[in-house]
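Chemist: So the protein sequences, as listed, match chains H and A.
When the letters of the first sequence are read in order and numbered with this note's numbering, they come out as residues 1 to 544.
When the letters of the second sequence are read in order and numbered with this note's numbering, they come out as residues 1001 to 1248.
Hint data in this document are derived by calculation from the structure and do not stem from the laboratory.
It cannot be assumed that every hint is accurate.
Unchecked claim - So the derived list for chain A, only partly shown, Cβ under 10 Å to chain H, looks like this:
#1 Thr1144
#2 Leu1204
#3 Arg1227
#4 Lys1229
#5 Ser1231
To be verified - Between beta-carbon pairs, the in silico distance windows are:
#6 His395(H) x Lys1124(A): 35 to 45 Å
#7 Thr1079(A) x Thr205(H): 37 to 47 Å
#8 Gly524(H) x Ser1123(A): 35 to 45 Å
#9 Ala1025(A) x Gln66(H): 49 to 59 Å
#10 Pro1080(A) x Pro427(H): 36 to 46 Å
#11 Tyr290(H) x Ser1039(A): 48 to 58 Å
#12 Asn1220(A) x Arg211(H): 33 to 43 Å
#13 Leu29(H) x Ser1123(A): 54 to 64 Å
Using N, Cα and C, we set each Cβ at its ideal position, and we do this for glycine too.
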Amino acid sequence: MIRPTFALLLAAASLSAPASAQVSFDRLLHSGETPQDWLTYSGSFLSQRYSALDQVTPDNVKNLEQKWIFQARSIEKFEATSLVVDGVMYTVQAPNDIVALDATNGRIFWIYSYSPAPQARLCCGRVNRGLAILGDTLFMGTIDAHIVAVDAKNGHLLWNTKVADPEAGYAITHAPLVVKDKVIVGTAGGEYGIRGFLAAYDVHTGKEAWRFNNIPGPGEKGHETWAGDSWKHGGASVWMTGSYDPDLNLTYWGIGNPGPDWNADLRMGDNLYTDCAVALDADTGKLKWYFQFTPHDDFDYDSVQVPVLADLEWKGARRRVLLWANRNGFFYVLDRATGEFLLGKPFAKVTWAKGLDEKGRPMRAVGMVPTADGKLIYPGNQGGTNWYSPSYSPHTRLFYIPTWDNYYSVYKKENVEFAEGRLFTGPLPASPVPLIRPPQVVSRGEEDGYGAIRAIDPETGDRKWEYKMTDVTDSGILTTATDLLFAGGREGYFMALDARTGALLWKAAVGGQVSAGPMSYSVGGKQYVAIAAGNSLFVYGLRQ
Amino acid sequence: MWSVRFSLVALASAAAFAQQGYSPADIQSGKQLYGVNCSNCHGPNGDFVSGVDLGHGSFHRASTDNELVAIMVQGIMGTPMPPANLSDQQAYQIVAYLRSLAAAETPGANKADLAHGKSLFESKGCLNCHRVRDHGSRVGPDLTSIGARRKAADIQRSIVDPNAEVLPENRYVRVVTRDGATITGRILNEDTYSLQLIDSKEKLVSLQKADLRQFEFLKNSPMPSFRDKLSGDELSDLAGYLVSLKGL
């Protein structure tokens, strides 16, 4: 028996082509044409978190039922958005285990376990938000600031490159972005006085191909925006995945806050490129343009939001734009070829600025800065929105924002000494809304902060509708071709809304706080919708 | 007080075992006891704990059999090594097994011609089923770190007698679906209702058992024996090369 069986196996192995490239770059470029898969963190290089699948509709969404649950062996928040390729789901069990699952039932094919160095230190949880894929290789950033390449077929490590020093507070928590033959990551650690950077690595070898210093060094343009030596440990982290425009060959990333967070006197100047959108040449990492949302930030208004690319009718002409609801409470439209400011309006209560000038620079409100006694300022420390994925539907042509409104913090200013690897922030601003984890009971009123999903017309910045929630939300948003909108919140629900009106169409109790973005895929002609909540992943499909 | 008295008893008792020969029965019993009591932490080959390798006859805290027995029954204070629930006789049998592992290390393995072994590995068709780093097939076990997990003697045995030991994770299954399709592959996972495998085209396949007409584990390894296809030196060189594969 052994010989014939082996002969068959050998024949099959030798007759079949060498392992075919599972996900070519061309397939990534045209991911919108294969909506059954979910190939990047935000679903496509445009980062619209929009699915062209149309089996689940406003009429039948009430028939969604839970198909399976994956319970992570982790007590950390499940922040990852899964990838799905040809019916296989790849997700991350915090902090850094990659799990390959049958996307129809959650059964596991393999687990790759990565043991981060104990020196890893993170401000806000030992979490990971997802993976990138190219060919048969998965890429993951780790909380101890490595990037690893793992075989998507068997979960075996292919290479492991140290990106930065975890003892100095560097970490990687976002899903990498693959562009051509490079995989791009940025470093988190803005609360530890890092000097953040973005870097690209060869997908085959892990060798660094280029690096962009988020804080310019001596001799680099923008260095003059940092007083004294403050540039050396000024933060400028990256912790959300960027986007890519293949026509312009530009990759877009949001850069985090300057440090120390709440004492800007210690770093006089605009502090480039903190709180910026940066557009980099994807081949070289050279800066093409930047736009700074919050110069000389006093409030920890990271601009790490996912850059959403859209093509709009703008004053009678087609325009390639970048849509950006910023943590600072303003919604922006930028020309993504040049960085030109096109529009900006508050989408939540803002008191730190009176508005934006014609260039989009904020006009600061007098006296609205952290003080020794504390100053109450809107939006609070977590912002009008934060890292939660927004969505743009090319069908409704609306932009959807997970919003915190009526949300404030009392900001205090204190002197802060830098020490490597130690928190470099100042006193945490106080707010009625808890920073990350919710209490079991919500007893505050709407005047002390609430959550909402807001639909914005990007051509005017005007609100079309909102869906209010009692508690705030850390959930991303997914829209679909049938004008459904999926999102969750801190309250432990997962909902489907009518993307045109905001009407609630369906909801399910998922128990835990949603701290991830929904995604959708299909296998065997059946559409699924997935959301992580608590430390589990929930997958829904239509009742048969 | 309890620990002092116990250790004295243990040492006195263990003294009876000192420097005796190890019977095959002791070694076999020791292997089973090791699997039950030790392998969870130390791994099947004794090298899962960083800096500790029980399979090569060299121990940080012990040199004699008696000292090894004492460590097993008393544990090591201040370390994760707990006192095991073993009789002295059982601990001695585990010592016998560990000593046999070291003795089974192939003399001359260090002298293997690794380049020649690598050439044999690539020319004898091993890559048709096995993978090393990013070369070869994923149909069979990945050997990128085989040298960190298996000893030269085990590897040589697998080359000449693949059926001598097939690890559970390396079993092959053959299934026939209700529509008559036959799928053969290496099993990755199984539960009451489903199984997951990697098939002969390196595709990850998940199947519901209710959808299968037949489902069987192959009794033998699909790997052919190279007993008559390699000279002694070639076998040594090939095994030496594989032992050199310690992972990334």
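Chemist: Evaluate each hint against the coordinates.
Modeler: Taking the hints in turn, this is what the structure says about them:
1. Thr1144: OK, holds: Thr1144(A) within 10 Å of chain H, min 6 Å.
2. Leu1204: Check passed: Cβ of Leu1204(A) comes within 5 Å of chain H, closer than 10 Å.
3. Arg1227: Violated - the Cβ of Arg1227(A) stays beyond 10 Å from chain H, reaching only about 13 Å at its closest.
4. Lys1229: 13 Å, violated
5. Ser1231: With a closest approach of 22 Å, the Ser1231(A) hint is violated.
6. His395(H) x Lys1124(A): 35 to 45 Å: Given a distance of about 58 Å, which is not inside 35 to 45 Å, the answer is violated.
7. Thr1079(A) x Thr205(H): 37 to 47 Å: 39 Å, holds
8. Gly524(H) x Ser1123(A): 35 to 45 Å: Holds: the Cβ-Cβ distance is about 42 Å, inside 35 to 45 Å.
9. Ala1025(A) x Gln66(H): 49 to 59 Å: At roughly 54 Å between Cβ atoms, Gln66(H) and Ala1025(A) fall inside 49 to 59 Å, so the hint holds.
10. Pro1080(A) x Pro427(H): 36 to 46 Å: The hint (36 to 46 Å, Cβ to Cβ) holds, given that Pro1080(A) and Pro427(H) are roughly 39 Å apart.
11. Tyr290(H) x Ser1039(A): 48 to 58 Å: 56 Å, holds
12. Asn1220(A) x Arg211(H): 33 to 43 Å: 53 Å, violated
13. Leu29(H) x Ser1123(A): 54 to 64 Å: With a Cβ separation near 40 Å, Leu29(H) and Ser1123(A) fall outside 54 to 64 Å, so the hint is violated.
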